[in-house]
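Undergrad: Residue strings, one per chain:
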Amino acid sequence: MANEKEILLQVTGLRASVEGKEILKGVDLTIRKGEVHAIMGPNGSGKSTLSAVLTGNPAFSVDAGTATFNGKDLFALSPENRAHEGLFLSFQYPVEIPGVSMVNFMRAALNEKRKYLGEEPISASDFLRLMREKRAVVELDNKLASRSVNEGFSGGEKKRNEIFQMAMLEPRLAILDETDSGLDIDALRIVAEGVNKLKTDDNATIVITHYQRLLDYIRPDYVHILYKGRIVESGGPELALHLEEQGYDEIKRKYDNVSAE
Amino acid sequence: MNPFQQFIDLHKANPDFFEGKADIFEDFLKAVRNLRRFANDLAEMMKPDYGVNLNGVKSPRQPALVRRDIPDYSSAIITCVNDTYYVPASLFDGKVKVAVYDADTFPFGLNAYHSLSHFNRVFSQKVLHISIEGGAKLEHPLQINNILSAAVDLATFRRIFIEVGGGAEAKIIFNDTTADADHRYLSSQFVDVFLNDDAHLELYDITDTSDNVARLNELKVKLKRRCDFNLYSLSLSAGNSINIYDLDFESDNSEARINGFVIGDGNQRIGNSTFVNHLSRHCRSNQNFKYVLDEKSHGTFYGEIFVWEVARFTEAYQSNKNILVSRDARMLSEPQLLIYNDDVKCSHGASTGQLDESALFYMRQRGIPENVARTMLTQAFVGDVVDAVKYQPLRDRLRLLVENRLYKRSSRPCDNCRMGCDTLNRK
Chain A
323 MANEKEILLQ VTGLRASVEG KEILKGVDLT IRKGEVHAIM GPNGSGKSTL SAVLTGNPAF
383 SVDAGTATFN GKDLFALSPE NRAHEGLFLS FQYPVEIPGV SMVNFMRAAL NEKRKYLGEE
443 PISASDFLRL MREKRAVVEL DNKLASRSVN EGFSGGEKKR NEIFQMAMLE PRLAILDETD
503 SGLDIDALRI VAEGVNKLKT DDNATIVITH YQRLLDYIRP DYVHILYKGR IVESGGPELA
563 LHLEEQGYDE IKRKYDNVSA E
Chain B
2 MNPFQQFIDL HKANPDFFEG KADIFEDFLK AVRNLRRFAN DLAEMMKPDY GVNLNGVKSP
62 RQPALVRRDI PDYSSAIITC VNDTYYVPAS LFDGKVKVAV YDADTFPFGL NAYHSLSHFN
122 RVFSQKVLHI SIEGGAKLEH PLQINNILSA AVDLATFRRI FIEVGGGAEA KIIFNDTTAD
182 ADHRYLSSQF VDVFLNDDAH LELYDITDTS DNVARLNELK VKLKRRCDFN LYSLSLSAGN
242 SINIYDLDFE SDNSEARING FVIGDGNQRI GNSTFVNHLS RHCRSNQNFK YVLDEKSHGT
302 FYGEIFVWEV ARFTEAYQSN KNILVSRDAR MLSEPQLLIY NDDVKCSHGA STGQLDESAL
362 FYMRQRGIPE NVARTMLTQA FVGDVVDAVK YQPLRDRLRL LVENRLYKRS SRPCDNCRMG
422 CDTLNRK
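These protein sequences, in sequence, are chains A and B. Read left to right, the first sequence gives residues 323 to 583 (my numbering). Read left to right, the second sequence gives residues 2 to 428 (my numbering).
Derived by calculation from the structure, the hints in this document are not laboratory data. Using N, Cα and C, we set each Cβ at its ideal position, and we do this for glycine too. Be a bit skeptical, because a hint or two may be false.
Unchecked claim - Label pairs and their computed distance ranges (CB to CB):
1. R328(B) <-> Y415(A): 22 to 30 Å
2. V425(A) <-> S76(B): 52 to 60 Å
3. R575(A) <-> D329(B): 23 to 31 Å
4. E492(A) <-> N372(B): 18 to 26 Å
5. R38(B) <-> N464(A): 47 to 55 Å
6. D329(B) <-> N392(A): 49 to 57 Å
7. R535(A) <-> K346(B): 45 to 53 Å
8. D73(B) <-> R511(A): 33 to 41 Å
9. Y415(A) <-> R37(B): 39 to 47 Å
10. A100(B) <-> D448(A): 51 to 59 Å
11. A446(A) <-> N56(B): 55 to 63 Å
12. R313(B) <-> N365(A): 50 to 58 Å
13. S75(B) <-> K519(A): 31 to 39 Å
14. S468(A) <-> D329(B): 35 to 43 Å
Construct the entire structure; sequences and hints are all you get.
TA: This is the structure we're talking about:
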């Protein structure tokens with residue numbers, strides 16, 4: 323049934339490097355509407371590089387491979403246009419931007435997207451109503467929304483703020499890069515519930531994580547294991563459970579020889 | 002020949018002019034060495050064949066109803082076209098007295114301090130004297146609009162003497178603009194400010210001139226007891242300019258804050274120099290200067306805090322932060338702190354860098370185009386200087402002006418224009 327769904331993102335043979343060092347060594351990934359994919363893997367396997375490359379972080383370079391997103395050549399689009407097409411990254415380390423208020427930031431982001439889609443800018447009253455509505459999704463304090471972007475936010479507040487922005491921008495594909503790191507159990511639940519509330523049959527989510535724990539809340543349809551720049555195994559949710567029991571040692575033993583070729 | 006040139010020729014050279022001024026000129030030449038620290042090319046500034054109004058004749062130009070981006074905040078406006086003052090008959094119901102004196106017969110001692118004031122004294126003909134009555138509480142600002150408007154290249158020299166009476170509270174806005182941007186100007190200004198006991202003054206020095214203006218500005222402030230002084234140096238656009246701000250804490254328990262920003266682009270050369278002299282006890286000073294330099298602009302900040310031996314219990318702080326938006330922009334920063342006693346709290350710091358790339362990518366990932374994201378970040382960078390502006394109508398206006406300036410909007414807001422045409426062609 324799932325296979326009949328429209329393909330949202332198709333990545334083939336992706337190789338990418340940072341500062342001349344190759345990190346991704348041929349990644350293939352197909353994501354369809356309505357799916358949740360988890361990408362797991364030990365430190366340094368290339369998980370964050372994958373999210374950075376897909377969203378167009380200029381510090382990384384694509385050396386080979388293609389990515390089609392929403393029918394468009396993803397790598398031909400600027401980071402901002404990728405966002406307008408509906409690609410969203412929940413940052414592992416959300417950036418503090420002193421002096422830029424959350425309100426101005428969100429309004430600029432939303433209106434640029436509307437401009438891209440040929441829509442009129444949102445009215446001030448509609449915008450404020452939308453802010454109020456979406457804040458509720460992650461129980462984000464009104465006080466935080468009136469401050470500078472992420473400035474002085476706690477770790478948990480920053481992650482909540484990421485999901486709040488996701489709610490505002492309603493992306494087609496959201497990449498959650500270690501959204502669980504630095505969260506206590508309550509915050510983890512709120513963030514995960516927020517993500518689940520935003521899920522529809524038309525959008526999709528990539529969850530990048532070290533731990534099975536987050537996947538108890540955000541249930542993946544597929545789990546991929548990224549190791550040394552390649553997806554070495556793919557499977558259903560049971561793969562994550564297996565990994566939790568065995569650790570990454572088994573994977574390392576199994577694939578160290580392969581990647582040493 | 003153009004009529005303005007004819008006008009100049011008609012009033013040409015007064016042979017007695019330089020008589021008795023040789024030593025002032027000598028002072029200037031000696032002091033000019035101090036200007037070498039600036040990125041400004043002084044020789045370049047002096048190069049054009051400027052006309053100089055040696056005979057002090059009134060400008061043939063009307064106090065033009067020129068387009069200015071700083072609106073009039075009050076009915077108390079002194080307009081100065083080049084070096085001719087237009088002073089209203091009464092200001093603030095007589096609480097502010099304004100007179101224009103001949104420089105030679107000016108009753109107060111001419112205290113020259115730095116090179117720029119020496120230079121000004123060689124040529125300035127008139128002194129604008131502003132005296133604010135003791136105890137006067139002026140709700141609205143006194144605005145001094147300096148307009149450069151000539152049909153030839155012109156050098157202008159303004160000398161201003163401001164006295165704020167004991168316990169008085171006032172705001173003064175200097176607003177420098179160019180009306181005829183086709184010509185080059187040398188704009189020299191020397192301002193003396195005296196604050197008597199318990200006086201409060203907010204002084205705004207706003208520069209929004211065309212690129213072919215060379216500005217040499219010196220402001221000297223003396224504070225008596227328990228004064229509160231706020232100085233704002235706001236260079237929205239300032240061609241080739243040097244500002245020297247010199248503060249003396251002459252008595253105890255006064256406080257001064259200097260906030261400044263510089264927005265530079267093109268080939269602009271903008272330098273600020275501060276000298277904060279703590280000569281008395283229990284005084285506090287705080288300086289915050291921010292520069293945003295784009296394209297091939299160069300900025301200079303030379304800041305000096307001097308805490309004398311007698312000035313115990315001083316608090317003095319200085320911060321200079323700069324962002325170079327382009328690879329070709331340059332910044333020279335020299336923060337200095339000289340302390341000659343032990344009972345002080347002082348700090349100074351300077352940093353020069355680029356926009357935060359991670360913030361830039363974060364914004365782009367949310368769909369904000371790179372140029373807009375850059376502008377939002379630079380706007381945020383100078384935001385604390387704008388936020389420090391106490392007079393709210395001006396603060397709101399500055400937010401808009403900074404935004405327009407950073408977006409390099411070609412058509413700037415015309416709502417203050419009463420001419421209905423674009424006389425202020427900036428580039």
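Undergrad: Checking each numbered hint in turn, tell me which of them this model violates, lowest number first.
TA: 2, 3, 6, 8 and 13
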